[in-house]
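Trainee: Okay, here's what each chain looks like letter by letter:
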Amino acid sequence: MASNSPAVAITGISGNLGRSLAKQLHGKERVVGIDRRPFPGRPKDLDVHHVDIRKRKAEDLFRKGRIHALIHMGISHDPRMSAEELHHFNVLGTAKALEYCARHGVRKLVVLSSANVYGPHPDNTNFLTEDAPLMAAARFGEIRDLVEVDILAQSFIWKHPEVETVIVRPVHIVGPTIRNAATRYLRLKHPWVLMGFDPMVQLIHMEDVCRAMVLALTPGVRGVYNVVGPGEVPLSAALSELGRSPLPVPHILARSFLRRLFQLRLSDFPPGELDYIQFLCTIDGSRFAKEHGWKPEYGLRETIRSLAAE
Amino acid sequence: MSAGIGQALQDGLKNLTFKLGGEETERKLKALARRSNEYGVDPFGMDLDYVLAAVGPLLWLYKNYFRVRTYGLEKVPRGRVLLVSNHSGQLPIDGAMIGTALLAEANRPRAIRSMVEKWVPTLPYVSVFMARCGQVVGTPQNCIRLLENDEAILVFPEGTRGVNKLFSKRYQLAEFGQGFMRLALETGSPIVPVAVIGAEEQAPALFDLKPAARLLRMPAFPITPTIVPIPLPVRYHIHFGDPMRFTGRPDDDDDELSRKVKQVRSVIQTMVNEGIRARKHVFW
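Line by line, the protein sequences are chains A and B.
Counting along the first sequence from 1, when you hit position 85 you're at 85 in the UniProt record's numbering, and nothing is skipped either side.
Counting along the second sequence from 1, when you hit position 236 you're at 236 in the UniProt record's numbering, and nothing is skipped either side.
No lab work stands behind these hints, which were simulated from the structure alone.
Just to be clear, a hint being listed does not mean it is correct.
[Stated by the list, open to error] Listed next, with one range per pair, are the computed distances between beta-carbon atoms:
#1 R139(A) - Q172(B): 40 to 46 Å
#2 N273(B) - D123(A): 33 to 39 Å
#3 S267(A) - R69(B): 37 to 43 Å
#4 R184(A) - R259(B): 52 to 58 Å
#5 E297(A) - R279(B): 55 to 61 Å
#6 R217(B) - R184(A): 30 to 36 Å
[What the hints assert, rightly or not] Each computed EDC-like pair below joins lysine to aspartate or glutamate, with the alpha-carbon atoms no more than 20 Å apart:
#7 K295(A) - E130(A)
#8 K290(A) - D131(A)
#9 K28(B) - D150(B)
#10 K262(B) - D251(B)
#11 K262(B) - E186(B)
#12 K290(A) - E38(B)
#13 K295(A) - E38(B)
#14 K118(B) - D123(A)
#15 K75(B) - D150(B)
[Said to hold, decoys possible] Example chain B residues on the side facing chain A (calculated, C-beta under 10 Å, incomplete):
#16 V41
#17 D47
#18 L123
#19 V128
#20 T139
#21 N142
#22 N273
On a predicted model such as this, the values are computed, not experimentally measured, just so you know.
Each residue gets a CB set at the ideal place from its N, CA and C atoms; glycine is no exception.
Model the full structure from these sequences, guided by the hints.
Mentor: Encoded structure:
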């Protein structure tokens, strides 16, 4: 790889998902990583810059670095950051990243969104397609950043047809090193479940998500794509596969109780997340499969069990 | 441990289904094609073993309580099909009996899918029970997906207008919605008209207590001679008609659709009228 060949930039590369993605691209593409956090154990030939995407130094990388593609996954969910700081980092950071792409001749942009932006709702159709409205924030304010990031990227598609933009909306990402709301929940020994509710859930292995993002880099791929893993499973089956002993709680009590716990900072689960274990938020990923041959490599059982590893 | 009890109950009920159905039915049911994954469910959450267990008590009702007689089951074609039925009786027993007939009595058993109201997923236990039995929220996208998978779908185009009609309006079909016709045209599915006789007398609704319905967010709150609807042991007669095939575009204007819908409605009304004339008594 010549050091001046066009590079793929990755924001949020130091996260566990970012590292997995860097590993997949390593040796195939010149990768320029952008992250505020350190990247321990970084391969010597991997170019990582400790800059904040919102800062001028980040734009300099786009100006001088001959970046032909950007994978934007620098979205923080750090529960220790204040909501204001998170919002600023996620939404303004995304706006800036998009701006750099338009200004500095980036030809390909892949934005990592999430199927969670559709939101769980009792009258959801079982498999939401890409044109379904993004209703997550209606009942669950904490997810608003994610919805805004997705909407920013959608309007970028229209405003900048010269940049081939792909919005990737994967189902819950799991894996041995992944730490997000879904994996934190599934790793609990006695996770709360809502009595009398057992929605179907969809999971995808972290390496499969990275594979989907690499697939999205293929010239010609553009638009919004749902990305599903190896299938659907009742929440209860996933929990028993992992050997958890769920604690059934009546849904009416659970909501007010969790709200109180959250306010007292005794729990880091926002009460709105209960909707995800009560109602359906499953998506239809057939368009990506049909148009671009998407297929996850990990099976359903393997994907669930990947949480128990490490 | 609860899983152990659940499993024992499920196995027991499944055996009840096989016992009531007889050897022939058991053989056919065991050979039913499955679309399930390694966790025993299909993408919609239907679990065939769960269905075979749930149908046990229904089959008991079918055979011993309502003593159902079915006619024309052989007319239901293979592959995708929309079963369109009249709706009545305050409780959705008509749907359960049609489903039981197709699973336990048909020569080629089929686990039919039906559509539930959008508030069902908010109900604890009921929501899970419905999903495992293969019932899904009645959105057009869900129906299209199931039909494209060559499933059989049961619809009641009268909706709650039909199930909650008062006794004085018995066997008069309410207005039909047009959604089912769009689905049939879009997926090229034949429509099998179904007439259910007997359900209208199972729990005669004398009037509808609307304030209670509003309070409970239910479509209606029928007051029957037993105060709350408890089904009487009426005899059910279920008539399956000849498949009807329609051509046209699903986005045709409403007049065109409504002409086709009226055709189906009048076929069912005729089947209902003939069915009432043919039966000897409400109870036997």
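Trainee: Each hint needs a verdict: does it hold in this structure or not?
Mentor: Hints versus structure:
no., hint, result
1, R139(A) - Q172(B): 40 to 46 Å, "holds (41 Å)"
2, N273(B) - D123(A): 33 to 39 Å, "holds (36 Å)"
3, S267(A) - R69(B): 37 to 43 Å, "violated (57 Å)"
4, R184(A) - R259(B): 52 to 58 Å, "holds (56 Å)"
5, E297(A) - R279(B): 55 to 61 Å, "holds (60 Å)"
6, R217(B) - R184(A): 30 to 36 Å, "holds (34 Å)"
7, K295(A) - E130(A), "holds (18 Å)"
8, K290(A) - D131(A), "holds (16 Å)"
9, K28(B) - D150(B), "holds (19 Å)"
10, K262(B) - D251(B), "holds (17 Å)"
11, K262(B) - E186(B), "holds (18 Å)"
12, K290(A) - E38(B), "violated (24 Å)"
13, K295(A) - E38(B), "holds (18 Å)"
14, K118(B) - D123(A), "holds (5 Å)"
15, K75(B) - D150(B), "holds (16 Å)"
16, V41, "holds (6 Å)"
17, D47, "holds (9 Å)"
18, L123, "holds (8 Å)"
19, V128, "holds (5 Å)"
20, T139, "holds (4 Å)"
21, N142, "holds (5 Å)"
22, N273, "violated (36 Å)"
In this structure, the earlier hints numbered 3, 12 and 22 are contradicted, and the remaining ones agree with it.
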